[in-house]
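Protein sequences, first through last, are from chains A, B, C and D. Mapping of the first sequence onto the UniProt record's numbering: position 168 corresponds to residue 168, and the numbering continues sequentially without gaps. Mapping of the second sequence onto the UniProt record's numbering: position 52 corresponds to residue 52, and the numbering continues sequentially without gaps. Mapping of the third sequence onto the UniProt record's numbering: position 103 corresponds to residue 103, and the numbering continues sequentially without gaps. Mapping of the fourth sequence onto the UniProt record's numbering: position 35 corresponds to residue 35, and the numbering continues sequentially without gaps.
Heads up, some of the hints might be wrong.
Claimed, not checked - Label-pair restraints from in silico Cβ distances:
id, chain 1, residue 1, chain 2, residue 2, range
1, A, Gln152, C, Asn132, 53 to 61 Å
2, C, Leu42, B, Leu53, 20 to 28 Å
3, A, Lys142, D, His158, 43 to 51 Å
4, D, Trp190, A, Asn39, 49 to 57 Å
5, B, Thr36, A, His28, 19 to 27 Å
6, C, Phe136, D, Ile56, 19 to 27 Å
7, D, Tyr163, A, Asn37, 32 to 40 Å
8, A, Arg140, C, Leu42, 48 to 56 Å
9, D, Lys142, A, Asp141, 37 to 45 Å
If you're looking for bench data, these hints aren't it; they were derived computationally from the structure. Ideal placement from N, C-alpha and C gives every residue a C-beta, glycine not left out.
There are 4 protein chains.
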Amino acid sequence: MEKETGRIEGFSDGVFAIAITLLVLDLHIPEENSITNGNDLLIFMKNQWPTFLAFILSFFSIFIMWVNHHKIFKQIYSRNSAIMFANGLILFLVSAVSYPTALLARYFNGEASSVVVAIYTGTFVLINLAFNLLWFLASRDKKLLRPGITDQAIKKIHNNYLYGLPVYIIALLFSFWIPSVSLIIILGLWIFWALSSGKIEMSTT
Amino acid sequence: MEKETGRIEGFSDGVFAIAITLLVLDLHIPEENSITNGNDLLIFMKNQWPTFLAFILSFFSIFIMWVNHHKIFKQIYSRNSAIMFANGLILFLVSAVSYPTALLARYFNGEASSVVVAIYTGTFVLINLAFNLLWFLASRDKKLLRPGITDQAIKKIHNNYLYGLPVYIIALLFSFWIPSVSLIIILGLWIFWALSSGKIEMSTT
Amino acid sequence: MEKETGRIEGFSDGVFAIAITLLVLDLHIPEENSITNGNDLLIFMKNQWPTFLAFILSFFSIFIMWVNHHKIFKQIYSRNSAIMFANGLILFLVSAVSYPTALLARYFNGEASSVVVAIYTGTFVLINLAFNLLWFLASRDKKLLRPGITDQAIKKIHNNYLYGLPVYIIALLFSFWIPSVSLIIILGLWIFWALSSGKIEMSTT
Amino acid sequence: MEKETGRIEGFSDGVFAIAITLLVLDLHIPEENSITNGNDLLIFMKNQWPTFLAFILSFFSIFIMWVNHHKIFKQIYSRNSAIMFANGLILFLVSAVSYPTALLARYFNGEASSVVVAIYTGTFVLINLAFNLLWFLASRDKKLLRPGITDQAIKKIHNNYLYGLPVYIIALLFSFWIPSVSLIIILGLWIFWALSSGKIEMSTT
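Let the hints inform the model, and build the full structure from the sequences given.
In structure tokens form, the structure reads like this:
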């Protein structure tokens with residue numbers, strides 16, 4: 001069976017690539033004349049650390065989402081409307097990530113900290129749900145999948161996403177209590193996925 | 001016959017992907033120091049609801065246009081200048097969507113409401129006309145199409161776009177009377193297309 | 001012989017697609033609170049006509065450049081460093097088009113009119129030269145080209161670009177005298193290319 | 001063996017293409033009403049020369065990086081997690097280039113000159129290290145590479161990147177002493193690479 005999803009993957013790659021590259025537009029340089037020497041500039045940049053942290057965190061989060069998207073679509077060979085629109089939902093949320101990132105960058109230091117971290121982690125809860133939806137819709141009809149895929153491989157991908165959900169929800173809950181812990185949890189989850197993704201890949205392909 | 005339209009589709013996908021992702025740049029975060037706590041931020045975001053509505057409406061409208069573009073070009077195998085420029089017209093209008101979206105976001109609440117909704121729905125009337133033009137130019141010469149395509153399939157695609165036109169024009173007319181009804185009509189049309197696209201796809205391929 | 005230029009074309013398509021879509025960012029909506037009703041908005045937009053003109057002119061200019069790029073690379077099968085960098089020069093100039101476009105949009109009405117039209121048309125002179133350079137570098141070694149290409153086809157493409165050069169230079173010279181004539185010349189050249197491109201295509205392929 | 005890295009290359013091309021095209025957003029046109037005639041505009045643009053220099057320098061630097069990325073991935077046939085993330089690191093740094101470029105453009109003239117040149121050249125030291133890491137990770141397992149690649153070809157690519165490192169570090173050190181020399185060194189390295197890349201290519205393919 002020929003793979004039908006080439007143009008969906010190409011379009012999705014485009015959206016991921018643009019969303020990840022637009023993040024840099026939130027790194028603002030100091031206003032003209034507000035800086036008189038190199039020291040001023042370094043102090044300005046040091047005070048901007050939440051902006052750099054948000055940039056790095058969001059860049060690698062979208063990158064890992066792209067890796068996961070890549071992995072799921074390696075198993076999907078046909079498409080129907082349901083898959084089309086679950087994928088559209090993922091792309092919508094991914095393209096929107098720069099908004100909570102900009103909020104986090106500007107308001108992580110200060111009284112609105114809990115709210116911006118909750119919006120930020122909440123976005124990832126939604127993205128996780130959208131990935132779960134995509135795989136649920138694709139895997140309930142084996143005719144859409146790569147011929148010869150094993151039930152074990154289907155289940156492994158399913159579990160991979162399902163296990164992420166409670167962790168994101170815990171990160172969301174922490175945002176109301178100790179916001180910085182939320183970000184550490186998300187960072188930890190990404191490192192875990194980065195390290196474990198090699199093994200998962202081997203067993204499903 | 002080999003498909004000649006690969007690079008046109010690749011370029012078009014690029015324009016669609018960028019146009020859809022640039023929409024997020026119209027979600028503005030509050031000015032520095034205008035927000036002192038999380039409550040202020042939530043009130044700011046609540047007041048910005050037309051911005052979020054316009055973002056969601058335009059994102060999924062471009063997404064559905066891309067799905068339709070995808071579907072039309074699955075049937076087009078050769079290209080000539082006329083197709084090239086009808087496609088260029090579609091891309092021009094799609095890339096311009098962020099302008100009426102930004103107008104809608106800023107002026108939907110207020111006295112300019114009718115004008116911005118008319119510009120917004122008018123853009124979709126034009127895009128619908130451009131799609132009709134593309135399919136008219138492609139389908140009048142069957143040598144340009146997928147070998148073996150049936151007349152019935154050609155007609156089905158033709159009708160699919162033609163039926164959209166009066167609905168968009170009705171939405172445009174409503175903008176001068178009750179602007180919010182226009183947006184509901186457009187939203188309704190998209191949901192209809194999303195739900196019906198599965199069936200159309202099956203019968204034409 | 002296998003075509004080696006796939007990834008160059010893909011990358012170039014990306015740059016063209018982004019450059020053409022970023023143009024919309026120069027369409028500015030009115031400042032908040034500067035507009036109180038729909039009439040104000042229409043007057044604001046009417047006064048902005050050079051912005052819309054510049055947007056349309058630049059969009060279709062980049063689009064035609066992409067069509068031409070597409071056509072040249074259909075004939076190029078191998079690549080060397082010289083082709084790589086001539087192509088890089090084209091992409092550099094294409095990505096820069098939004099700057100003279102923004103200048104034209106803001107200063108076409110007023111005393112700086114000649115200067116902005118000269119910069120705008122001068123950019124197209126440079127792009128034309130870069131296209132001539134690319135085809136010169138590719139066509140002097142027939143081993144780089146599509147196997148079986150005729151000398152007549154090579155010459156036709158060569159002439160196609162060479163004839164554009166004096167027209168662009170005339171448009172550049174007019175900018176110092178009657179700037180609006182320059183824009184009409186450029187518009188006329190594009191319409192000519194759009195209409196003639198079908199015939200050229202047929203005879204070279 | 002089939003090449004598995006197609007979608008990684010496509011996504012990377014997207015990020016390179018967007019990063020290179022977004023650079024133009026840092027070319028600012030003069031504020032409305034700050035210019036009354038063509039002469040004012042030319043003076044404004046003349047004073048902006050560091051902006052144009054930074055734009056050109058960064059455009060061609062990213063372009064050469066893309067050429068190198070292209071060349072490395074022609075040799076990589078399989079992928080693992082380590083390659084995925086080394087590539088992610090390169091893309092992260094490439095997408096960030098517009099930030100040091102904007103700093104260089106605004107503060108090269110003035111007392112913060114050393115600091116902005118150090119940040120700018122420092123970014124290229126990091127990118128060079130990331131390319132070294134990618135090739136180190138890919139080449140230590142010959143099963144990941146193009147079947148039949150010679151040890152000599154592997155070493156040549158390795159040396160190509162390794163030799164760049166000390167030059168970038170020297171440029172970085174000069175930024176604290178005579179910042180303009182740093183930029184000349186980087187420019188010289190790019191011209192050297194542009195001229196030498198033809199030969200390297202021939203011997204490795």
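Between Trp190 of chain D and Asn39 of chain A, does the C-beta distance stay in 49 to 57 Å?
31 Å, violated
Evaluate the given range 48 to 56 Å for the C-beta pair formed by Arg140 of chain A and Leu42 of chain C.
52 Å, holds
Using the C-beta atoms of Gln152 of chain A and Asn132 of chain C, is the stated range 53 to 61 Å upheld?
The hint (53 to 61 Å, Cβ to Cβ) holds, given that Gln152 of chain A and Asn132 of chain C are roughly 60 Å apart.
Honestly, do Leu42 of chain C and Leu53 of chain B meet the 20 to 28 Å range at C-beta?
Check passed, 23 Å falls within 20 to 28 Å.
Assuming the hint says 32 to 40 Å, is it satisfied by the Cβ distance from Tyr163 of chain D to Asn37 of chain A or not?
35 Å, holds
Does the beta carbon distance between Phe136 of chain C and Ile56 of chain D stay inside 19 to 27 Å, or does it fall outside?
23 Å, holds
Starting from the range 19 to 27 Å, see whether the pair Thr36 of chain B and His28 of chain A falls in it by beta-carbon distance.
21 Å, holds
Quick check on a hinted range of 37 to 45 Å for Lys142 of chain D and Asp141 of chain A, using CB atoms only.
40 Å, holds
That 43 to 51 Å hint for Lys142 of chain A and His158 of chain D (C-beta), does it hold up?
About 45 Å separates the Cβ atoms of Lys142 of chain A and His158 of chain D, which means 43 to 51 Å holds.
Hint 4 from the list above is the single one not met by this structure.
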